[in-house]
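Enquirer: Next come the chains, spelled out residue by residue.
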Amino acid sequence: MSAEDIRKPPKIAATEQMKQLITNYYIEAKTTKEKPICWITSGGPVEFLIAMGVIPVYPENHGAMCGASKIAVGLAEVAESMGFSQDLCSYARLDIGGAATQNGAIPGGLPKPDFLLCCNNICGTVTKWYEELSRFWDVPMFLFDTPFIHKSKPGHATEYVKQQCLELIEFLQKQTGKKWSDDRFAEVAMLSVEGVDLWKEVLKTAESRPSPFTCFDAFIHMAPIVTLRGTQEVVDYYKLLRDEMQERVANGVGAVADEKYRLIWDNIPIWYEMRNLGNLFAGNHACLVADTYTTAWAVDIKIEDPLTSMADAYTKVYLNISIDLMLDQLLALIERYSADGLVMHSNRSCKPYSLGQYDLARAVTERTGKPALIIEADMTDSRAFSEAQTRERVDAFIESL
Amino acid sequence: MSGEALDRLMKMRDDPYAAARAWKERTGGKVMGYFCCYAPEEMIHAAGALPVRITGENRDISKSGAHLQNYCCSLARTGLDMALDGTLSFLDGTVFVHTCDTMQRLSDIWRLNAGFAVHADLVLPVRFETSSAWDYMTSELASFAEGLEKELGPMEDSALVESIKLFNRNRALLAKLYQMRLASPGILPYDQALWCSTSSALMDKAEHTALLEEIITDLQAGTATTDGSGVPLFGIGSVMDQWDFLAMVAESGATFIDDDFCNGRRYFDFEVPEDVPPVEGIARRLWGRSSCPCKHVPSRDRGACLADRATAAGAKGAIFFQFKFCEPHAFDYPHVKKALDKAGIPSLNLEFEQGSVSIGQLRTRVGALVETIKA
Ligand code: SF4
Ligand code: SF4
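In order, the protein sequences belong to chains A and B.
The numbering of the first sequence is numbering that gives the first Met the number 0, which starts it at 0 and goes up by one.
The numbering of the second sequence is numbering that gives the first Met the number 0, which starts it at 0 and goes up by one.
Take the hints with a grain of salt, since some may be wrong.
To be verified - Simulated crosslink set (BS3-like; lysine-lysine; CA at most 25 Å straight-line): (1) B:Lys-62 x B:Lys-149; (2) B:Lys-149 x A:Lys-152; (3) A:Lys-150 x B:Lys-373; (4) B:Lys-149 x A:Lys-150; (5) A:Lys-34 x A:Lys-18; (6) B:Lys-23 x B:Lys-164; (7) A:Lys-29 x A:Lys-173; (8) A:Lys-369 x A:Lys-259; (9) B:Lys-337 x A:Lys-111.
Unchecked claim - Away from chain B, derived, C-beta distances all over 10 Å, residues of chain A: (10) Met-17; (11) Leu-20; (12) Leu-87; (13) Gly-123; (14) Met-140; (15) Lys-150; (16) Pro-153; (17) Thr-230; (18) Lys-238; (19) Met-273; (20) Ser-321; (21) Arg-335; (22) Arg-347; (23) Glu-375; (24) Gln-388.
Stated by the list, open to error - Simulated coverage check for chain B against chain A, where a stretch passes if three residues somewhere in it have a Cβ under 8 Å from a Cβ of chain A: (25) 57-68; (26) 123-133; (27) 183-193; (28) 355-369.
None of these hints come from the bench; they were simulated from the model.
These numbers come from a predicted model, not from an experiment.
C-beta: ideal position from N, C-alpha, C; glycine also.
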C-alpha cells in the first residue's frame with residue numbers, strides 16, 4: 000500500500016442517499032406551485048413550518064454550498080457593490096448578492112420566499128439580514144426572539160418564547176390560509192425528536208476509537224437534520240447512516256488511517272477549505288471526532304408539552320448561552336470523546352461564535368492541560384484565509400500533541 | 000461668548016471620567032458603568048449609585064487583544080482595554096444591556112476578566128412590538144431592578160420617581176439646547192452641543208442639570224459665536240466621540256444641525272412618562288424613543304424616519320459615522336442611504352476605529368461632500 004492509500008478515508012455509502020434527499024428537496028422547493036416557501040434561519044423552529052405544509056428554505060445551508068463550491072466571494076461582492084460592508088457576515092452578504100442576481104449553488108438561485116421566519120438564537124446578525132430580505136422581497140417577516148442566557152433563564156423569558164410560539168401559529172395561519180392542527184404538530188414533533196435522537200446516535204459512534212467518521216463528514220451529513228427535521232425521510236436517512244457507522248465501529252473501521260490524535264472542532268466549517276483541511280489532519284493521523292456545531296441541532300423536545308419544551312430548547316442552543324456555559328459543554332465534549340486537543344476556527348463572519356474563543360481556549364487548556372489551536376479564517380469568504388499560514392500552524396500544533 | 004458653566008463643562012472633555020472619580024471620592028458612593036444607552040440610568044441613580052457611560056476612547060490596544068479578535072468593533076476593544084489596564088478602576092460594577100452580538104459576548108468576557116464587584120445583565124427584547132415582548136420587557140426591567148437593589152441597596156419607589164423627574168428635566172434642557180441650535184446654529188458649535196449631551200452621562204445628574212440651566216441662560220443672553228452659515232448636516236451613527244473630526248467638519252464649512260448619535264439626540268430623546276408607575280414609565284420611554292438598529296420595530300421604517308428628521312432639521316447633507324465591524328449599523332446603511340437619496344439629501348459613509356482616525360484623509364471626503372452640496 001502506498002502512503003496515499005493509507006491516507007484515503009473510506010467513503011460513507013449513505014452519502015448518495017443524502018445527496019438525493021437534498022436534491023429532491025431543492026427540486027420540490029424550486030418547482031412547487033401549491034406549497035408556500037419560507038426562508039428560515041438555521042436555528043429556527045422549523046417544526047411549525049413542516050406542520051403547516053410550508054417548505055423551509057435555509058439561506059445558511061445554501062451559503063455553505065456556495066462556500067464549498069467556491070462561488071461565495073463573487074456573490075458577496077455583489078452585495079458589497081450594493082453598499083453592504085465587507086465586514087458583515089459572509090452568509091448574509093452572499094445571500095443578498097444571490098437574491099439580487101438570482102444566482103447561487105442551485106440553478107437560478109433560491110426560490111423566492113412567501114414569508115420569512117427569523118430566530119435570533121444564533122445571532123443578532125440574522126435579525127438585520129432578514130430585515131433586509133423582507134425589504135428586498137417585500138414579504139412579511141416573523142422574528143422569533145429568544146432572550147440570551149447569561150447565567151440562567153428567568154421564567155419570564157420562557158413565557159415570552161412560549162407566547163411567540165402561539166403568535167407564530169397565528170402568523171402561519173394568516174400567511175398560508177390554512178388551519179393549525181395540534182395533532183399534525185404532535186406528529187411532526189415526534190418525528191423531529193426521532194430524527195434528533197438518531198442524529199445523536201450517529202454522533203455517539205465517534206466516541207469509539209478509532210472514530211468511524213470525522214466532523215468534516217458530520218458537517219456534510221448534518222444538512223438533513225438542520226433543514227428537514229420533523230419529516231419521515233430524515234428519520235429513514237439517519238437510520239441508514241447510524242447503521243453504517245455502527246457497523247464501522249463493530250469492524251474497527253476508522254475514518255482516519257491509523258488514528259493517533261483525537262480533536263474537537265469549534266465553530267462553523269471553513270467550507271471552501273474543508274477537503275484540504277480534512278486531508279491535512281488525516282495526513283497527520285489526527286481525527287476531528289466531534290464539534291460544537293453539529294451538536295447544536297441535538298435539541299430536546301418533550302412530547303408531553305411540545306410548546307414549552309420547544310421554547311426551552313430553542314432558547315438554550317449553544318450560541319445563545321454565555322461563555323461559561325459554553326465552556327461546560329466544551330469540557331464535556333472533550334471528556335466524552337476522549338479528545339487530545341481543541342481546534343478553534345476564529346470566524347471573522349460570526350461574532351457570537353468567535354468572540355470569547357481566546358478565553359475559552361485558555362480555560363480549556365487550564366482545566367484539562369490539553370492544547371488549543373486557533374485558526375483565523377472566514378467560513379465562506381476565502382479572501383480572509385491564508386493557506387500557507389494555516390498549514391504551518393496545524394503542523395506545529397500536531398507536533399505539540 | 001461662552002460663559003463660565005460651558006467652560007467648566009468643556010474642560011471635562013480632556014478627562015471624561017474625572018467627574019466620576021471626584022464624585023466617588025466626595026460621596027463614597029458606588030459608580031456603575033454601562034455601554035449602551037438603553038440602560039435604565041434612573042434605576043441606578045435611585046439606588047444611590049452614579050451611572051457612568053463607557054464608550055471606549057482613542058487608544059492603542061495593549062491588553063484586550065488577548066480577549067477580543069481584531070474584527071471586533073473598537074468600542075468594545077478599547078473599552079475592555081480601559082477596564083483591564085486600570086483606567087476604569089473607579090467603577091464598582093457594570094451593567095450590560097443586550098444590544099448586539101459583540102456586546103453580548105463582551106459582557107461575558109468582562110465579567111470573567113475585568114474584576115468589578117457588581118455585574119448585571121439586562122436582556123431586553125429585540126422585538127419592540129407585540130404585547131408578549133412588552134410583558135417580557137417590563138418583567139425583565141422589574142427583575143433587573145430587584146437585582147440592582149441586592150447589589151447597591153434599596154431603591155424606594157419614591158426615589159425612583161424623583162430620579163425620573165430629575166432625568167426628565169435634564170432631557171428637556173438638552174432638547175431645548177438642540178432646539179436653540181436648530182433655530183440659530185451659530186450660537187454654539189456642534190461639538191460643544193454634543194459634549195453637553197455626552198457629559199450628561201458622565202457626571203452627577205443634578206450637577207449637570209444646574210450647569211445646563213446656566214449654559215442655556217448664557218446662550219439666550221449672548222450673541223452667536225460663529226456665523227452659523229456652515230452647510231447644515233445630519234449625523235448618523237452610534238457613539239460619536241471624535242472631537243478632532245468635528246472640528247475638521249467645522250473648518251470645512253459645515254456643521255451638524257441635528258443627529259441620531261446615541262450620545263447625542265438618541266440619548267435624551269423622549270421623556271419617561273410620569274403619570275404611570277415608574278418601571279412602566281421607564282419601559283415606555285425605551286420602547287418609544289427613536290430606535291437603534293439593534294431593535295426590530297417593523298412598524299417604524301428607520302430609513303424613512305431618519306430622512307424625515309434630516310429634512311425637518313433643514314439638513315442639506317448627511318454623514319454616516321460608523322464603527323468599523325459594527326454589524327447593526329452597517330446592515331442598515333444601504334437602506335437608510337437610499338431613503339436619504341430619495342429625500343434629496345446627499346450623504347457620505349465614513350468608517351472609523353477609535354485610535355486610528357486619520358483626519359487628513361477624511362478632510363478630503365468631507366470637503367467633497369460640502370462642495371457637492373454647495374454646487
Ligand atoms: S455565521 Fe454567525 S453571524 Fe452569520 S448568520 Fe450564522 S450565526 Fe449569525
Ligand atoms: S458599535 Fe456596533 S458592534 Fe460595537 S457595540 Fe455598538 S452596536 Fe455593537
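Enquirer: All the hints need checking, so say for each whether the structure fits it.
Expert: So, going through the hints one by one against the coordinates:
Proposed proximity of Lys-62 of chain B and Lys-149 of chain B is contradicted: the alpha carbons are some 32 Å apart, above 25 Å. The straight-line distance between the Cα atoms of Lys-149 of chain B and Lys-152 of chain A is roughly 19 Å, inside the 25 Å bound, and the hint therefore holds. Between Lys-150 of chain A and Lys-373 of chain B the CA atoms are separated by roughly 55 Å; this puts the pair beyond 25 Å, and the hint is violated. For the hint pairing Lys-149 of chain B with Lys-150 of chain A, the CA-to-CA distance comes to about 17 Å; that is within 25 Å, so the pair holds.
Between Lys-34 of chain A and Lys-18 of chain A, the direct Cα distance comes to roughly 22 Å. Compliance with the 25 Å bound is thereby established for this hinted pair. A hinted pair counts as satisfied when its Cα atoms are at most 25 Å apart, and Lys-23 of chain B with Lys-164 of chain B qualifies at roughly 23 Å. Taking the CA atoms of Lys-29 of chain A and Lys-173 of chain A, the gap is near 23 Å; set against the 25 Å cutoff, the hint holds. Our distance criterion of 25 Å between C-alpha atoms is met by Lys-369 of chain A and Lys-259 of chain A, whose separation comes to about 15 Å.
Between Lys-337 of chain B and Lys-111 of chain A, the direct Cα distance comes to roughly 23 Å. Compliance with the 25 Å bound is thereby established for this hinted pair. For Met-17 of chain A, the condition that its CB be more than 10 Å from all CB atoms of chain B holds, with the nearest at approximately 31 Å. The beta carbon of Leu-20 of chain A is kept farther than 10 Å from every beta carbon of chain B, the shortest such distance being approximately 32 Å. With 10 Å as the threshold on Cβ separation, the claim that Leu-87 of chain A sits away from chain B is violated: the shortest Cβ distance comes to roughly 6 Å.
Non-interface call for Gly-123 of chain A relative to chain B: violated, since the shortest CB-CB distance, roughly 5 Å, does not exceed 10 Å. A beta-carbon of chain B is positioned within 10 Å of the beta-carbon of Met-140 of chain A; the least distance is around 7 Å. A beta-carbon of chain B comes within 10 Å of the beta-carbon of Lys-150 of chain A; the shortest separation is about 8 Å. The beta carbon of Pro-153 of chain A sits about 6 Å from the closest Cβ of chain B, which is not more than 10 Å, so the claim that it is off the interface is violated.
Every C-beta of chain B lies more than 10 Å from that of Thr-230 of chain A, the closest at about 29 Å, which supports listing it as non-interface. Every beta carbon of chain B lies more than 10 Å from that of Lys-238 of chain A, the smallest distance being close to 37 Å; the non-interface claim holds. Every beta carbon of chain B lies more than 10 Å from that of Met-273 of chain A, the smallest distance being close to 22 Å; the non-interface claim holds. Its closest Cβ contact with chain B, about 5 Å, brings Ser-321 of chain A to no more than 10 Å, contrary to its assignment away from the interface.
Residue placement check: Arg-335 of chain A keeps its beta carbon more than 10 Å from all beta carbons of chain B (closest about 24 Å). Separation of Arg-347 of chain A from chain B is inadequate, the least Cβ-Cβ distance of about 5 Å not exceeding the 10 Å criterion. The beta carbon of Glu-375 of chain A sits about 8 Å from the closest Cβ of chain B, which is not more than 10 Å, so the claim that it is off the interface is violated. Listed as outside the interface, Gln-388 of chain A is consistent with that label: its C-beta sits roughly 15 Å from the nearest C-beta of chain B, beyond the 10 Å cut-off.
Restraint check on the stretch 57-68 of chain B versus chain A: 4 residues with Cβ-Cβ distances below 8 Å, three needed, restraint holds. Figure legend: the stretch 123-133 of chain B, annotated as covered by chain A; annotation consistent (6 residues with Cβ-Cβ distances under 8 Å, at least 3 required). Under a criterion of three residues with beta carbons nearer than 8 Å to beta carbons of chain A, the stated coverage of the stretch 183-193 of chain B fails, only 0 such residues being counted. With 0 residues bearing a CB less than 8 Å from a CB of chain A, the stretch 355-369 of chain B misses the requirement of three and the coverage assertion fails.
Of the hints listed earlier, those the structure fails to meet are numbers 1, 3, 12, 13, 14, 15, 16, 20, 22, 23, 27, 28, in rising order.
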